[in-house]
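We have chain G already, so just place chain C on it with the hints.
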Amino acid sequence: MIQLSRLGMLFALLTPVALLAAPAVSGAVERQATNWTAIYMFLAFVVATLGITYWAARRSHSAKEFYTAGGGITGFQNGLAISGDFMSAASFLGISGLVFASGYDGLIYSIGFLVGWPVIMFLIAEQIRNLGKFTFADVSSYRFGQTQIRTMAAVSSLVVVAFYLIAQMVGAGKLIQLLFGLEYWMAVVAVGLLMMVYVIFGGMTATTWVQITKAVLLLSGASFMAFAAMSAFDFSPEEMFRQAVETHPEGLSIMAPGSLVTDPINAISLGLALMFGTAGLPHILMRFFTVPDAKEARKSVFYATGFIGYFYVLTFIIGFAAIVLLAQHPEFFKPDAIAANGTLIKDQLVQGLDGGTNMVAIRLAEAVGGNLFLGFISAVAFATILAVVAGLTLAGASAISHDLYASVIARGRANEATEIRISKIATFCLGLLAIGLGIAFESQNVAFMVGLAFAVAASANFPVLLVSIYWRKMTTRGALAGGLAGLISAVVLTIMSKAVWGDVLGNTAMVDGVEVSVGLIGLNNPAIVAMPLAFFFIWFVSILDNSAQAKREREAFEAQKVRCDTGIGAEGASGH
Amino acid sequence: MQKASIDAIKAHPKYQELVRSRRRFSLTLTALILIIYFGFILTIAFAPSLLATPVSAGAVTTLGMPVGILIIVSAFILTGVYVYRANGRFDALTSAIQEDQQ
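Taken in order, these protein sequences are the chains called G and C. Everything in the first sequence is counted per our numbering, starting at 1 for the first residue and increasing by one. Everything in the second sequence is counted per our numbering, starting at 1001 for the first residue and increasing by one.
Just chain G, same shape as in the assembly (with noise of 0.2 Å):
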């Protein structure tokens, strides 16, 4: 049962924001002293994006510049603004942390978020280019009925959008607090209100500069307390590594794999999750109808590979580095932490540390870079938040204008301004509703909530996409029971686990005599069932399709092919 806990655990810490709201951010947050530095940094931040916004605003107001900033992006920019996208305030903070807490295991979970990016590529990125338009739904959608597939794929990138939102806004919310010493409503209000203020004016125009501008700062700042750190140790590994060793409580055991990874089904299950969820992230998927063809999807794909796999090798040196050079600072622990003589007792290197394990790269750039530098890296963990979420909100409000408004309520006779205000006004309403959520579940266990975003993209998303785009025989029926079985199974499942029976339902049960949270199953994880089970009813309810809709569906699928294979008849950027 001890197993179960740490399982328990494994799930929590391996989704990015939990890593932010599990070990320090849940409970009371000290609030720490107004950081002037850090507010003036964030302060050039917010006007260098509000500039963007304003230039963004006034390029045009077509639908294509609002959702695709025109589809005029290089690759590189893409590469750029995808990293930007999505390595969030928390793989930042949290992986860091994670490897200061576990050593090896914080590289783990880095290596299971990069690897969806390759499957991206040979399988669906340039595919998404060729037959899409503005949201992924338009790929899934291309050959079946609209009304279903769009209906069903607007709902669950809500699902994914609604919960990756609210795990963002209160990660946001508590991180902020700790950084800047604001109160937390005061953070989640000025992050939901800039980000309204990017996406409603500026669209994917401003968006995507807003993310790159996040990317090269995040990428820089990482970079220089990386190299700092490393010169340290005169740049040697080893070195590194064996004054770590000297300095952990744990010794060798931070060289290896440890205890977070024991349970083979769980394991593979959130592989599973992590490899295919970003392929069924819709904030992601957007971003392949920014560049003009299918040449720079590929090239964007290949960039934010390299950027993101840099990133996380840079949070693996920072959080190794930290173990020695943090231990060296008495004044970032808690008193009780400190021996009579002044230093550091060496078992209190990891609870000792005082705002808990999220502030171990923030404490590291004090360590090396001064005040100057600490306000900078906070700086850039908020403007991080803000370009996650700007994303995310953008990705729901196109699915609502786009998928629902004018393919579903419209039936494709809206006309582009009447799509373009429903989407700034669903905007509007998706950003209230984050920073109300964001107020209510401030002091609830928000752990599950990426956990659950992942697998639904990865059980209910990429399964549709994938097959509609591969398999002739998909019918919308089969798209239908497939989507709806991933989309439910990944609820339920998540429902009945651990994160979410024990943590937030508050089931408990004695072992060993001591109160524990249980789940209704031992998986943490869904995508292990919910993934098959929606390859099965796809395939199977389409096999069973004889209607005389399902025979057009697969005529169609020659005409889908060729675009998909060529690029012929694909959208092209605007001229302009």
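FYI, nobody ran anything at the bench for these hints, they're computed from the structure. Nothing false has been slipped in among the hints.
The calculated lysine-lysine pairs, modelled on DSS-like cross-linking and capped at a C-alpha distance of 25 Å, are:
{"hint": "1", "chain 1": "G", "residue 1": "Lys473", "chain 2": "C", "residue 2": "Lys1003"}
{"hint": "2", "chain 1": "G", "residue 1": "Lys551", "chain 2": "C", "residue 2": "Lys1003"}
{"hint": "3", "chain 1": "C", "residue 1": "Lys1014", "chain 2": "G", "residue 2": "Lys295"}
{"hint": "4", "chain 1": "G", "residue 1": "Lys295", "chain 2": "C", "residue 2": "Lys1010"}
{"hint": "5", "chain 1": "G", "residue 1": "Lys561", "chain 2": "C", "residue 2": "Lys1010"}
{"hint": "6", "chain 1": "G", "residue 1": "Lys473", "chain 2": "C", "residue 2": "Lys1010"}
{"hint": "7", "chain 1": "G", "residue 1": "Lys346", "chain 2": "G", "residue 2": "Lys334"}
{"hint": "8", "chain 1": "G", "residue 1": "Lys561", "chain 2": "C", "residue 2": "Lys1014"}
{"hint": "9", "chain 1": "G", "residue 1": "Lys133", "chain 2": "C", "residue 2": "Lys1010"}
{"hint": "10", "chain 1": "G", "residue 1": "Lys561", "chain 2": "C", "residue 2": "Lys1003"}
{"hint": "11", "chain 1": "C", "residue 1": "Lys1010", "chain 2": "G", "residue 2": "Lys551"}
{"hint": "12", "chain 1": "G", "residue 1": "Lys133", "chain 2": "C", "residue 2": "Lys1003"}
Partial selection, computed: residues in chain G whose CB lies under 10 Å from chain C:
{"hint": "13", "residue": "Gly75"}
{"hint": "14", "residue": "Val245"}
{"hint": "15", "residue": "Pro257"}
{"hint": "16", "residue": "Tyr310"}
{"hint": "17", "residue": "Gly567"}
We put the beta carbon where it would ideally sit given N, CA and C, even for glycine.
Just chain C, lined up with the frame of chain G:
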């Protein structure tokens, strides 16, 4: 697109070559990354001590470190290999097909 032009493209020898070679290529690379990643996950689940072996006698650095970094690098290299081949050979075939269509 008209049915006639779809049939013309489908019958084009270069189209058939494009579809065949690209499918083989992307499936091979997909299989490679799946084997690399799930090989790693299964090693962690079943034989974690393998990754705890020191890289050389007396070293603190374990085998798991270079292996982990190599997986990150291999993800990048595999996407690079795909881009190189697709932007060269596959795009040349595609533009030849497009020209013949006009």
